[in-house]
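With the hints in hand, could you dock these two chains into one complex?
Chains as they are written, first to last, in the numbering used here: chain A, 1 to 438; chain B, 439 to 703.
Simulated from the structure, these hints should not be mistaken for laboratory data.
On a predicted model such as this, the values are computed, not experimentally measured, just so you know.
For each residue, glycine too, the CB sits at the ideal point set by N, CA and C.
Keep in mind that a hint or two might mislead.
To be verified - Sample of chain A residues facing chain B (criterion: CB under 10 Å; computed from the structure):
(1) PRO81
(2) GLY284
(3) GLN287
(4) GLY317
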Amino acid sequence: MRTTARKLAVMAAVLPLGLALAACGGGGGSTASGEGGGGDGDNTLTVWAWDPAFNIYALQEAEKVYQQENPDFELDIQEVPWEDVQTRLTTLAQSQETGELPDIFLMQNNAFQKNVLNYPDLFSDLSGSDVDFSEFPESVVAYSTVDGTNYGVPFDNGTAITALRTDVLEQAGYTVDDFTDITWDEFITLGEDVLAKTGQPLLSGQAGSADLPVMMLQSAGASLFDEEGNPTIVDNDALTAAIDTYQRLVETGVLVEVNTWDEYINTLVNDSVAATVNGVWILGSIQSAEDQAGKWAITNVPSLDGVQGATNYTANGGSSWAISSNADVELAQDFLAKTFAGSSELYDTILPGAGALANWIPASESDVYGEPQEFFGGDAIYSKVVGYAEKVPSNNTGAYYYEGRDAVSVAITNIMNGADPKAALEEAQSTVEFAMGS
Amino acid sequence: MQSVAGYVFLTLAAVASVFPLYFMVVSATNSSNEVLASKLLPGTHLLENFRTLVGAQPLGVALWYSALIAVGTTILALAVTSVAGYGFEVFHTKAKDRFMGFLLLGIMIPFAATMIPLFRMFGDLGLVNSWIAVVLPAISTPFLVMLFRQASRSFPHEIIEAARIDGLKELQIFLRIYVPTMRPTFAAAAVITFMAAWNNFLWPKVILVNNDVQTLPMLLTNIQAGYVTDYGMLMLAVLIASLPAMLVFLALQKSFAQGITGAIK
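For reference, chain B alone in the conformation it holds in the complex (with noise of 0.2 Å):
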């Protein structure tokens, strides 16, 4: 008798959660009235939204700089951290954890009051509408230097010293042991930056001046901006844009889990 309430329970949050989800993608083939009057059945207008998607809006322009900067932001930021967070568990010092927790206040500076600042430094650098200018805030957070660092902890140091015994370099002892022992970790960072740097709007909405640039979420506030909204389109345009995101926690996610959670038991 419980099972069958926990059951019932369990299926309406699960519709709950899925509902928004058929909601976006039923709607992505309806006309704009129709989803205003949350028709619930798959429609007819798929191809004329996405016509009218692409006649109106850059849209493969937003999704080239989404996907190089997503892309382009989750390799470097884990080339960068992951050396950093290795480096201050491995090779550690009373100085370096000074330090570390010095770093760690930056997590508490919201980006709102860093923006101004950093505008000023991309424009002396002439960087102001390159997607670079995107990249590199984002390629070193202090969370993922932490993430590193916590998950290096349980990262036994018995088999550096015995690589280093049979001669392995420092580097190859990071590219060669350290590297595959953590790919949990390493996918639960990818995710998180992939998703932050797919989602990112404020910057980029600041620092890419000309329409040349943009990304999906300049995108999708273009479509609201109008005194006419076409919903289908929008719809359709947020299916469009939230595919990737979803599709790599999909790819991920049993990693991700495992990462945050703690690489190596």
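So here's chain A without its partners, still in its complex pose (with noise of 0.2 Å):
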């Protein structure tokens, strides 16, 4: 027995050790050394982003474009997880120990304007840079704008699509065409025929996620608060159609709900479901099925039905670069306005290479963008979702986004357990209320 528990503790400790050799070996070493942000004009750059298929892949692009007319400068990119962006914000900004920012990071769009509402000492604006915020949707731009002045870059695009299993429509005797231009009115009728030839659900979505119908708010230009920046749940006619909207995608059977994040997707990659309705960066996963290449078409989403406003545009999502008080302003500036806003050699690289789709309108007249996308049938997806972002109506987040989605989310789950709407709405009103301390 102790001889065992003495073999066990040896490997305890060599095990690690092996594996770090090996890993070194296999090239995952250490990566260059930064001392955070500063304007101590070395011409170094230091960025916090995720995702180093995406973001930070587009990062090291924007580095090499850059370094053609300034071949002396140096992005350092360090990988930290979104989460971990704002918790490290937060602690800066209440330890005031801003000199640890970086020069620029990655911000989701959605808690940009709570950021800088709450914590104005960790940004520089963007007001006196060379970035024309014209050249991007005015949706986009309103996520890092406050009170008329610019805070962030806009990158990552949010544009929401409808993504259709053409093989499964076709059973059923649909074409993309039927599921263009529709209403969710449409889309219902329309799934309950597609369940009921081909066994399928169109959709599927995670219980419990306002995903779904906020996307469905934003579509018709609504927001959960209104421009003081006071909740408007209640009594919100867009909203109330959102509700009941997902309430019948969800009784009819052509959404199914499934538990966590990755079954989501398990839905989409293993031919559970026909469809689905999501941020444009959805399509990286769909793409990890490389058997159901040719399979996949997209178009627009649907509108809601009898609502004031109401489109066939919206988003979910995004993320947008900001400029931190401890940074090299004129060199950040400057850099970000010659690539993410001034770089179609940038943006034509970064798309076939990562499917990341710009914002930056100009870079949508490219060829790259006009290019026939085989996995979906040899449609143009990407200058076509261009197109919808231009149209997707702008959603103002305020300081309180974030709560009054995970209120919603709440009265939305409470609904689908046979909560009365006005009732659960009416909570979660004065849950944000309570959270805002008015």
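Structural data, given as structure tokens:
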């Protein structure tokens, strides 16, 4: 017994070291060092971002583009997941150690206004930069604008799409055109028919998530808050219609609810559902199922019935670059203006390389955006999606957007379990008001 | 008959508790979409997953710092808290008892409340982004001091008296008599500290600002942060991250149980 214990102890000690060596040999190695941001004029910018296959790849390409004019320029990229960017920003702001901030950090669009309003000390604004914000869709610029001042350069495109399995639709006798420019009522009717003929539901979604209802809400240009930032969850026609639509989707079986995000992805890549409505970034997961090549197509999203200002365009997610208060502001502004806000070459590289779709409108005029995509039946989906992006109505997020979303998620779960919609939404409203301290 | 029912129940319970581990190991050998489809048989993607993992993440760096931090914390914590527990018990006075009670209040303060002052402190010391800043706050916890103090209660004071008469110095008494006798307590404390340090997430994430110094739990969140998660690679990383802690526990399991229930019978 004792010798077994000893052996195990030795293994415990040796294993990490052995693996460490193996990993280093494999090229994992360490990255270049960096000392945070700082206006020290050394021609290096430190950046916090997440997702090596997407954001970080885009940064590396942007570095190459900028180096053409500034050969000794360097980016020091630190991989930090979004949740941890938020934790660090909160800690740095509260401990006033802003000297540890990088020059540039990536921020989720939904959290942008909240952070600028709560921690203005962390940001440098972009007035005086060469970034031409009119070259971005208005709704996207609005996420990072506070009191008329721009704090972010939009990057990752969150435009919503409906992705459909054409082979399943064909079995039911439909084409993508039947799903284009339609309303949710029509979508449900079609969905019931597809379900009856093929046994496959159209949609899947994570139970208790407000993603889909909130996308519907934004498609009508509505929000959970008014211009002054007060919650408008009660007596909100668009929200009521969105929740009602969601409820009908579930009741008719057109949308199956699953428990986790991973299960949701599984329904897409393992043939359980025939469609999904989400931000365009979901295409990355869809394309991981190589056996489904040629079977998917893209169109716009259904609009809400009987709601003023309803459109077939909305967004979910997306992120923007912020310049910190600890930055070499001049260099950071120039870098962003000449890359993410000014280089077709950059977007032409990262679109095929990572599926990273531009928010910068001039990029969509390039040939790369118009190329047919074999995975999507030879359709030029990218120029199509950029076209959708320009039509997305603005969504007023404000400082308490996440609290609002969470409260609405709870309300939806309660309504699905049989609670009175009006009472559930009133409760959500008072939850948000409590969080706001009013 | 009753024993058959008992065996059936225990077998089911055993399967239920081992299954997640089995799934983790098997999934590390499968491709991402196979993991999503809950494939339960071993696959052929182990090497491929390892290559993707090493290519995408600084695995070597994370393993090195995880090991350094966990081993460093364990050694320092045992050294500090065993002396403290011994001192509180063997040289105890009313005032020290009261001070011990005050120390124990510390257990009730959640880490989130001390995180920001700690960050400022380490910022002023120039230790942001240093592994030392991860180790230092963890080397003296009220819980471990209490564990050693409670265990010391059953340590016979007569032995100490006898050792003093035989001419041993206080430090020698501690090192040559107390430490060998209290091995089970040391083992229990080591397991608790090692696991806590190995799995620690929030504080390293906040204080280690630069990718040059990373730990395994930080690396695991990096993998899940993207739009597309490679679940096969993720499961392999989880497997690599859990093995050392599991092995430490298995190695010290027997002493751990003894140490928790009381070192000396």
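Evaluation of the provided hints:
1. Because the smallest distance between the Cβ of PRO81/A and any Cβ of chain B comes to about 3 Å, under 10 Å, the interface hint for this residue holds.
2. Interface restraint check for GLY284/A: the shortest CB-CB distance to chain B comes to about 4 Å, inside 10 Å, so the restraint holds.
3. Residue-level restraint check for GLN287/A holds (minimum Cβ-Cβ distance to chain B is 8 Å; threshold 10 Å).
4. Because the smallest distance between the Cβ of GLY317/A and any Cβ of chain B comes to about 9 Å, under 10 Å, the interface hint for this residue holds.
Every hint, counting from the list given before, is met by this structure.
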